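Modelling step: build the complete structure from the supplied sequences, incorporating the hints.
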Amino acid sequence: MEPDRPDDLTPAVTTRAEDGAARAPRTVVVSAPADPGGTPPHEGAAASEPDPAAALGPAAVEFEHVTKIYPNGVTALRDVSFRIAPEEFVFIVGPTATGKSTLMKMIYREESPTSGRVLVNGRDITRLPARQVAFLRRRVGVVFQDFKLLPRKTARENVAFALEVTGAPSRDLARRVAEVLEVVGLAARADALPGQMSAGEQQRVSIARALVHRPPLLLADEPTGNLDPDTSWEIVQLLSQINLRATTVVVTTHDKMIVDILRRRVIALDTGAVVRDQRRGLYGGR
Amino acid sequence: MSSIQPSRGARYFLSEGLQAFRRNGLMSLAAVTVTIVTLVALGAALVVAGALDYIAHRLESQVQTVVYLKDGLADTAVAAVRARLESLPGVTAVAYVSKGEALDRLRRSIGGGVQFRDLLARNPLPASFVVDADRPDRLEVIAAAAQRLPGVEMASYGGGAVGHLFALTRVVRLFGAAVGGALALVALVIIASTIRLTVFARRTEIEVMRLVGATAWFIRWPFVIEGAVTGACGAVGAFVAVAGLYALVVQSARSSLPFLPLPGPEQVALGLLWKLLVWGVVIGVVGSLLAVRRHLRV
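Sequences listed follow chains Y and A, in order. Quick note: the first sequence, position 111, residue 92 per my numbering, numbers continuous. If you want my numbering, it's the 1-based position in the second sequence plus 5.
None of these hints come from the bench; they were simulated from the model. Hints should not be assumed to be uniformly reliable.
A partial selection of chain A residues facing chain Y, derived with a Cβ cut-off under 7 Å [what the hints assert, rightly or not]:
hint : residue
1    : L216
2    : V217
3    : A219
4    : T220
Listing some non-contacts, in silico: residues in chain A with all C-beta distances to chain Y over 10 Å [unchecked claim]:
hint : residue
5    : R63
6    : L78
7    : A85
8    : V157
9    : L170
10   : V177
11   : A183
12   : L282
For clarity, every value in this text was computed on a predicted model and none was experimentally measured. Ideal placement from N, C-alpha and C gives every residue a C-beta, glycine not left out.
Here it is in structure tokens:
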């Protein structure tokens, strides 16, 4: 059997989620974990948005000239390169069918690039042996537009499922599930079935499930695609809060309002190519 | 995965696998039935080949050859044949069986009911010498030498029959393997289709398991168990059919063909049970792996 958490997949920031709540929001986002040069944290830049270039350690996610051509001949991504620093919050925007989902799938190795490299926490996951993929996925939480909840399990059971099927020890399982339901604000709805919950609540459950392994990286693929504007806003705020707890968050969306209000980094795709990469960006550019 | 508790994992796999087997109802029944048919063919071939093999070996281990004498031989000529036989290399004993004794023996081996003396005016059986050898492989030479002696009608030993029996055993084995193999393919496909129903019913669950980082084997286990249970049920069914049938055959053979050496039903059942179980489980597990293969590709 493989070790539960291979060291090379475990990022330097693993334990930060624990004390994240105690930190003042927005002041520590730019710290450079595992900085090989021993550079002190960029206190001067603390009040500003994270600067991808400032992170000297391994990037949380890095694409190097990634091209994806599906077997049916469709080119989903063309020479895509970018770098996401640990604890960044990034929007991937663009019209539908423009490669956003493909890009996300590459980060959790559901797809592999036709050419180029994808690095997660400094490790080239395109070369990851198939047996290791399961362990990568315990370090990458994923949230979808359609929630992917199991209809016959309660919120609590849906979240616990993620721990059970990865062989997590049962002794602190209940505590970890309760903790993460608290984080997404669903402690009171733990025993509800998905069918008894609103869409927003269901998305919260799926976020809780994605977080229960305490991943340093959270991917949300069109998380608000099925939600009304108010609920969408709540979910995005929740994702922002999670980001403040020292988790890198990558969100694909075509919701202009959310992107424009949040003013976070925006990577815009069009027909598979990066057409804009902007700190504090807007959905449609200037 | 040192942190996993094997007992909890095993319980989970077992309960999931058994649940799926029950939930698939009619399809599971169909899969079990096809497995039974397959394994009955395999099992019957195994039993028949086993019985033939047993008979052949029993014959082979007999270290006697019978030298039949011509009718109306003078006592001195009989004594001369005896002396010549006793001098052959490897011969350990020579016993004379007169025409009368030969008839008595036949009557005893067939069973006392028939009155030969009433049916036959004259005893048709020849007198003979039963020659014991020290090793079975000497029999052929001894029989050939005896054949050439004056006054000898014919010398026979089990050799020819044994050869035929071994050839027959091989044919039965080959035939059984061919029919069993073809049926095993059918069983494999049907078991795989049945388990694919479970895979389909649980595709969301499988998808979630993959996304949250369950290992491929963790996902496979319940299906493997469902397949193994199907195969084992088929094996037990086939075992009951084949072993029961064989017990009946042996029972009737013992009254109508008492001289035929057949392996005992209990002895056959024991060997048959584990062979059928192994085959059933192998077919079931391979079928289940076929069923989940496509859904687990990363």
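Do the hints match the structure? See the list:
no. : hint : in the structure
1   : L216 : 5 Å, holds
2   : V217 : 4 Å, holds
3   : A219 : 4 Å, holds
4   : T220 : 4 Å, holds
5   : R63  : 52 Å, holds
6   : L78  : 83 Å, holds
7   : A85  : 82 Å, holds
8   : V157 : 76 Å, holds
9   : L170 : 52 Å, holds
10  : V177 : 45 Å, holds
11  : A183 : 37 Å, holds
12  : L282 : 28 Å, holds
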